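Chain A is already provided as a structure; the job is to place chain B on it using the hints.
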Amino acid sequence: MVSLKNITKTYNHGTVKAVDDVSFSVEKGELFGLIGPDGAGKSSIFRMLATLLIPDKGSATVAGHDIVNDYKLIRSKVGYMPGRFSLYPDLSIEENLDFFATVFNTTVKENYHLIEDIYVQIAPFHKRRAGRLSGGMKQKLALCCALIHKPTVLFLDEPTTGVDPVSRREFWEMLKRLRQQGITILVSTPYMDEASLCDRIALIQHGRILSIDTPQGIAAAYPNSLYAVKATDMPRLIHVLSTYYPHMHSYLFGEVIHLDARGMGGYNLPDELTQFLTAEGFADIEVKPIAPTIEDCFINMLVRHDT
Amino acid sequence: MRQFIAFVKKEFFHVLRDRRTLLILFGMPLAQILIFGFALTNEIKNAQVVVIDHARDDASRHIINRLAASSYFEVRENVMDKNRMEAAFKEGHIKLAVVFPARFQSDLNHQNHAQIQVIADASDPNGATTLTGYVSSIIQDYQTELNEGNGLPYRITPEVRMLYNPQLKGAPNFVPGVMALVLMLVSVMMTAISIVREKETGTMEVLLVSPFKPMWVILAKAVPYLLLSLVNVLSILSMSVWVLDLPVAGNWLLLFAESTLFIITCLTLGIFISIRAKSQQVAMLISLMGMLLPTMMFSGFMFPIENMPVPLQIFANIVPAKWFYIIVKSIMIKGVGLEGIWRETLILCGITLFFFVISLKSFKIRLE
Chain A
1 MVSLKNITKT
11 YNHGTVKAVD
21 DVSFSVEKGE
31 LFGLIGPDGA
41 GKSSIFRMLA
51 TLLIPDKGSA
61 TVAGHDIVND
71 YKLIRSKVGY
81 MPGRFSLYPD
91 LSIEENLDFF
101 ATVFNTTVKE
111 NYHLIEDIYV
121 QIAPFHKRRA
131 GRLSGGMKQK
141 LALCCALIHK
151 PTVLFLDEPT
161 TGVDPVSRRE
171 FWEMLKRLRQ
181 QGITILVSTP
191 YMDEASLCDR
201 IALIQHGRIL
211 SIDTPQGIAA
221 AYPNSLYAVK
231 ATDMPRLIHV
241 LSTYYPHMHS
251 YLFGEVIHLD
261 ARGMGGYNLP
271 DELTQFLTAE
281 GFADIEVKPI
291 APTIEDCFIN
301 MLVRHDT
Chain B
1 MRQFIAFVKK
11 EFFHVLRDRR
21 TLLILFGMPL
31 AQILIFGFAL
41 TNEIKNAQVV
51 VIDHARDDAS
61 RHIINRLAAS
71 SYFEVRENVM
81 DKNRMEAAFK
91 EGHIKLAVVF
101 PARFQSDLNH
111 QNHAQIQVIA
121 DASDPNGATT
131 LTGYVSSIIQ
141 DYQTELNEGN
151 GLPYRITPEV
161 RMLYNPQLKG
171 APNFVPGVMA
181 LVLMLVSVMM
191 TAISIVREKE
201 TGTMEVLLVS
211 PFKPMWVILA
221 KAVPYLLLSL
231 VNVLSILSMS
241 VWVLDLPVAG
251 NWLLLFAEST
261 LFIITCLTLG
271 IFISIRAKSQ
281 QVAMLISLMG
291 MLLPTMMFSG
301 FMFPIENMPV
311 PLQIFANIVP
321 AKWFYIIVKS
331 IMIKGVGLEG
341 IWRETLILCG
351 ITLFFFVISL
361 KSFKIRLE
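Order-wise, the sequence lines are chains A and B.
For the first sequence, full-length UniProt numbering gives the first residue as 1, with consecutive numbering after it.
For the second sequence, full-length UniProt numbering gives the first residue as 1, with consecutive numbering after it.
This is chain A alone, in the form it adopts within the complex (with noise of 0.2 Å):
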């Protein structure tokens, strides 16, 4: 449904490059997800797919359609919500989703369904112009603006962004029943959690695509073991472990330090951490394997990308 074939986008004359001879394709029907932190060259390869920029190099189809010759075929398919998805302030929440329903040639009623779940949180507000709703209250209104038609492909710029847990949670729960009304989705996203929702992930960084698969299989295919190490000093803890195994990358993760276990595939790692702890003087020691994660996944190929 989307395929990119070696896609290279620089600015400024060359100078800055944003995507460098990224290819990837999504089946019709997926939910495809770009996971990657800001900068990455994300909105870069969205923009480009919603025909907005035109490619230093490679080729690109949207539903079949080359993006630079034949925009206005795509143009006239595909759902796109920017990044910097901004509402008409001075308009109200009605009247903005009325505005880009008819802009996009539906009707709010058509397709309310589709909001609903959405809607009806900020729906009391309706009257109210979008200049004076809270962050999270205009990124679902947005977000409602976005998907009010029923597009073929869906771009999704990062919608999550600005988000409190609950709508985030809400709105992919969204974005699984339009994938079952066959709409192919395109999302990108910051955050790692949001990957595991997705059929199918590119992990992205520096304009480049470090790995494209299932989220169970970038998990699975995680190189070494990894454990969770706990302690009572956690502060001296982590600076411990990175001084005395340097080789083996360790990171806060939440309340406990996530340690990869690289070139240590002989040794009993979690008896010998605990010795060696307890020598040094702390307390409460717990170290146990774990299954990665999508963020380890991706913690451990910027390392591997550093190094």
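No false leads were slipped in.
Have a look at the derived ranges for each label pair, beta carbon to beta carbon: (1) Pro89(A) / Pro247(B): 44 to 50 Å; (2) Thr260(B) / Asn69(A): 35 to 41 Å; (3) Ser279(B) / Asp66(A): 31 to 37 Å.
Just a sample of chain A residues kept apart from chain B, beta carbon distances all over 12 Å, derived: (4) Thr8; (5) Phe24; (6) Glu116; (7) Ser134; (8) Gly182; (9) Ala219; (10) Pro235; (11) Arg236; (12) His239; (13) Thr243; (14) Glu255; (15) Val303.
Okay, the calculated bits of chain A under chain B, using three or more residues with CB under 8 Å as the criterion: (16) 48-54; (17) 68-76; (18) 89-103.
Just so you know, the hints here were simulated from the structure itself, not pulled from any lab data.
These figures come from a predicted structure and were not determined experimentally.
In this text, a Cβ means the ideal position worked out from N, Cα and C, and glycines have one as well.
This is chain B only, laid out in the frame that chain A set:
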């Protein structure tokens, strides 16, 4: 079509909900008409005039009565000698003196020719010219009347012609000028800013990737300003008719049609600026410096084009307001029909077409 209407509705909301825009839109024409109409008028009312009548005959009396009846003068009749008159001028008590020679009527009757001395305080050259003009035309009137009842060709003063403006009003010249100015400002600046605003806020990005054609986006933006500008034309004209007592001599319908044409010219200019400008500030600056200034300087409204150096006269030809100013003046004051202004109309059409085509050509369908 449904999309287009929704778009136009949205634009109206933008305009009507922004107090500053509304103020500029409707407050400005009002203020300008009033300022130009009353504060900056070169019309003089109740000027102090002294009459020194050495003749004291019927003819001089007739003319004095006419002067006194006019609202421009406050006539004081005094038997003054030359020295006292000069002193009064110096102190600024009087603006004008009318001196009748001793044998005024008998000169007129026997030689068919008499002279009146009109002395004006020329330290205010404009005022002096205006006042002597007033007096001359009043005397002219009297002379014409005299000649009608009589076969004899009486002559009284040197001739001053006040063509098209017999009532000597100050308004006729500036109403078309203000119209050109206001329409230029509203149509060019407002459209340019409102389109650039969508680019700045990022909504243009969504609109571009919609089935709605980009050119329709632009047109939908132009429609509200066309209608609002027509409201402005109506309000300026009604003010000039009812507040400034300046009737429209020609055809109202023609005047509105020509105004619509000029508004469309301005809208295409605004659209052209919006395509080029990156930010609202730039759009505003270009509209103000690039459009408003030439409109003031080169429309012929403030400075006569005939007095300019030739290169500037040639430059004035590409200022749309110049042609509109001529058109409105012709219709409003001279009462000319389309047959008298078709050339100017064609030129405006040409300018509009030119900017429409290059806007269409340079419209960016993408972000870069």
